[in-house]
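Participant: Let chain A serve as the given structure and place chain B on it in line with the hints.
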Amino acid sequence: MREKLVVAFVALGAILLAYNLYQIFLVLPDEAAQGYIYRIIYFHVPAAMVAMLGFFAALVCSVWYLAGGDLRFDSFAASIVEVSVVFATVNLVTGSIWARVEWGIWWTWDYRLTSQLVCVLIFAGYLIMRRAIDEPTQRARLSAALTIFGCFDAVIVWKSIEWFRNNHPGPVLSFRTGGEQRMDPAMEHQLFLNALALLIMAVALTLVRARQESTAREIDSLRRAAHV
Amino acid sequence: MEARNFTFMFYGFLAAWLIVLVYIVSLARRGARLTKELEDVKQLVASGQKS
Chain A
1 MREKLVVAFV ALGAILLAYN LYQIFLVLPD EAAQGYIYRI IYFHVPAAMV
51 AMLGFFAALV CSVWYLAGGD LRFDSFAASI VEVSVVFATV NLVTGSIWAR
101 VEWGIWWTWD YRLTSQLVCV LIFAGYLIMR RAIDEPTQRA RLSAALTIFG
151 CFDAVIVWKS IEWFRNNHPG PVLSFRTGGE QRMDPAMEHQ LFLNALALLI
201 MAVALTLVRA RQESTAREID SLRRAAHV
Chain B
1 MEARNFTFMF YGFLAAWLIV LVYIVSLARR GARLTKELED VKQLVASGQK
51 S
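Line by line, the protein sequences give chains A and B.
Residue numbers for the first sequence follow this note's numbering, so the first one is 1 and each next one is one higher.
Residue numbers for the second sequence follow this note's numbering, so the first one is 1 and each next one is one higher.
Isolated chain A (complex conformation):
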């Protein structure tokens, strides 16, 4: 059943991505000031959206684990975090390439960039920590604590463009500007469509990763049973 779901998500994501790429490269015009390079926004921003959604979904799973003690929620949180770290890395790298053209530098220690880097490092640390702890309950508890801590930073990432003066552009999407259009509606619509495509892809990857987590749990319980 889960395999069919993964195939369905992959097929849907692939079709939507193909349509999006056609629109991004062949239909939408260049941005007046930036030229071609603005198209990076169609992956840079959706990748960040998917990563942020993932970190908060992992927070929900972690709190659920802490409340009920069901290790399946811990495994699911770990799967979501891993995929989210990949998308957050895509966000950082594409942003850096865009900055090289627009600002003339690869990196600057502004609030947005730094908090996002810290966020990636916290959750990368989470993944490393999980490999270092064998005892499942202890691993799950520490992972949940680190997820809660990481999500505080994720909130700073989210709000930093409103709270602080940054090199990073301020909010442009209409749901963050109270409905004011700071971006062409056709471009914004395309950005949301690509966010949907990346989200579908992220869900498919998370399902695959969660399957692996349950296989690892099965191996672990078989090993423990064999030793008893």
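Hints may be right or wrong, so weigh each one.
[Said to hold, decoys possible] Residues of chain A clear of chain B, computed beta-carbon distances all greater than 12 angstroms: (1) I37; (2) T108; (3) M201.
[Unchecked claim] Footprint (simulated), chain B over chain A, 3 or more residues, beta carbon under 8 angstroms: (4) 22-36; (5) 39-47; (6) 59-70; (7) 127-137; (8) 218-227.
[Unchecked claim] Listed below are several chain B residues computed to face chain A (Cβ distance under 8 angstroms; list not exhaustive): (9) F13; (10) V20; (11) G31; (12) L34; (13) L44.
Calculated from the structure, these hints are not laboratory results.
C-beta atoms are modelled at their ideal positions from N, C-alpha and C, and glycine is treated no differently.
Facilitator: Chain B alone, transformed into the frame defined by chain A:
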């Protein structure tokens, strides 16, 4: 300016897809390793129960 813009846009998309692709390959390899490990452990448990 435009050619430079295009080159960097290409790098951006290339980097994005490469990161995702590397992750998918690592996921597939890990899946294969876990499946093999599960089979090995099952065989080990089965042989232990017989003896």
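Participant: None of the hints should be skipped; say for each whether it holds.
Facilitator: Results for each hint:
1. I37: Non-interface label fails for A/I37: nearest chain B Cβ at 4 angstroms, not farther than 12 angstroms.
2. T108: 17 angstroms, holds
3. M201: 8 angstroms, violated
4. 22-36: holds (count 3)
5. 39-47: holds (count 5)
6. 59-70: violated (count 0)
7. 127-137: violated (count 0)
8. 218-227: holds (count 6)
9. F13: 7 angstroms, holds
10. V20: Cβ of B/V20 sits 7 angstroms from chain A, so the hint holds.
11. G31: Holds: closest Cβ of chain A sits about 6 angstroms from B/G31, inside 8 angstroms.
12. L34: 5 angstroms, holds
13. L44: 7 angstroms, holds
Taken one by one, the earlier hints fail for this structure at numbers 1, 3, 6 and 7, listed in ascending order.
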